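*Asks:* Spelled out from the first residue to the last, the chains are:
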Amino acid sequence: MVQQASEINAADTVWMLVASSLVLLMTPALAFFYGGLVRAKNALNTMMMSVASLGVVGLVWALVGYSLAFGAGGEAIGGLQHLGLAGVDLQAKGTIPHLLFMTYQGTFAIITAALISGAVVERMRFGPYLAFIALWVLVVYAPTAHWVWGGGWLGRLGVLDYAGGTVVHVNAAAAAFVGALALRPRRDYGRQALLPHNVPYVLLGAALLWFGWFGFNAGSALAANSAATLAFVNTFLAPAAALVAWMVIDLARTGRATAVGAATGIVVGLVAVTPAAGFVSPLGAMAIGALAAPASYFAILWRTRTSLDDALDVVAAHGVGGATGAVLTGVFAQPAWGGASGLVAGNVGQVGLQLLGLIAVALYSGLMTFGLVRLVNAVAHVRSDVRGEAIGLDITQHGEEAYTRGEGAVLVMPTATASAAFAARGDAIMPPIAEARS
Amino acid sequence: MKLVVAIVRPERANEVLEALFTADVRGVTVSRVRGHGGEIERVETYRGTTVKMELQDKLRFEIGVSDHFVEPTVRAIMDAARTGDVGDGKIFVLPVERVYRIRTGETDEKAVTPGLPVSG
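Residue numbers (the working numbering), protein chains in the order written: chain P, 892 to 1329; chain D, 64 to 183.
Among the clues, some could well be false.
Okay, the calculated bits of chain P under chain D, using three or more residues with CB under 8 Å as the criterion [claimed, not checked]:
#, region
1, 935-949
2, 1272-1284
Coverage of chain D stretches by chain P, computed from C-beta distances (three or more under 8 Å per stretch; other residues unrestricted) [to be verified]:
#, region
3, 70-78
4, 98-111
What the hints contain is simulated information worked out from the structure, not anything from laboratory work. What you are looking at is a predicted structure, and each value in this text was computed from that prediction instead of being measured. Heads up, the beta-carbon is just placed ideally off N, CA and C, and yes, glycines get one too.
Construct the entire structure; sequences and hints are all you get.
*Replies:* Right, dumping it as structure tokens:
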């Protein structure tokens, strides 16, 4: 304890404890954001795809993934020395306990895997989905996190990714693109309007994502210091700019600013500032938010005219938004604000480096995702059958409905004894249908 | 005149509407209903409570038509709503004593025959 006290900083530890819980909240927030955007019959399934990641990816990360991403290793992947949390203890890693660092990084892995689900909702079976995200975190997320943050080749080359524009958002979007292609479009896609069933949920989700994102970006300073403050402020300003830009485009195009658009604008601004948060000036962050909004806006308009059923526009929001942010980080990064020199500081090469980083991650993620979906599909069909898709995945995958009505629901008594007890009391355990209808 | 009442699966609603419009049937009333048509019971579980869902969501179409329109209306619904599984629904054709169109006061055949589309 005496040894640690000299290295572990109390303020940093407090902030990172808070930041970890903030980032963890982003995944249930995503559940609401995604859940509101789908049809009522798939609301629970869609939300469970995010919520399940808290458990599945959380465990996989602690037991194996953390070591692959942050264990000492080569350029491509970390070592195996931290398998099963070996050597991950209360000793200092930087200025915070090693276990806290592992947990903070785990919350990133959880949301990255959950983000992919937006592309495959309303048609992917739940069991194969769980297997897919568990494998994806090990095969795709852990190595790419290592490349940029764990001592791998992209970080060594000088690619700037403050909190994961490339590692988290471009990575998830590439997987989402391939996932949507591999799963093929929903049966109703392009035939009927597939409308959000609860827009207030979408707004609630976007608001909670913004709240959690302060932990995501400002926590990436790994300390309670001025760098964290800059990232925090940029996380406040970039989404504000993106939100305004989105509403202005909405107004200019249709004369009405939409709520789903506002929620999407906030998320796109958050995504775009993620790689830049600790490297650019507050004005730079505003510019990034304002520029990312039209890029994603028109990407969504274009996508809906294609046969790519990326149901909740993970590619347009996180891929286009993340890529715009990653490139603009190379433009607006300034040493005065903690970054390397970007284009505005006279370094043209940084933009090329940023492009290299996001192309490398997107290619690797896309190829590996294709292989993983094929692998999982060989064991168990990833795609729901036509009838299940028509009835809705809440009922077929979970045996529950999001919005139940009591009528017509007949209680099944848990045990014979209980039935007998009720029968003795003279209660009708199963009323006849005719009676239930009247 | 007849009243065609059809109980169909909600997920076939768009197909049925499309088929009706293709068959030149205008004037439809649709309501959400719940019912039981011999489907296999669905079991749902909420924590410790297990329930059999005896009632399924259905859509009820009500269409007033003149006699010679009954056949095409029924055929359109039948083709569009059928999946082949139990629970596809029913179509009832009922005699109608009197029909009034509220806007014009027209009665019977005239009331169920769509007029020329009037702008506004």
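*Asks:* A separate judgement is required for each hint: does it hold in the structure or not?
*Replies:* Structure-based check of each hint:
1. 935-949: Answer violated; 0 residues pass the 8 Å Cβ test.
2. 1272-1284: It holds, with 3 qualifying residues against the three required.
3. 70-78: holds (count 3)
4. 98-111: holds (count 7)
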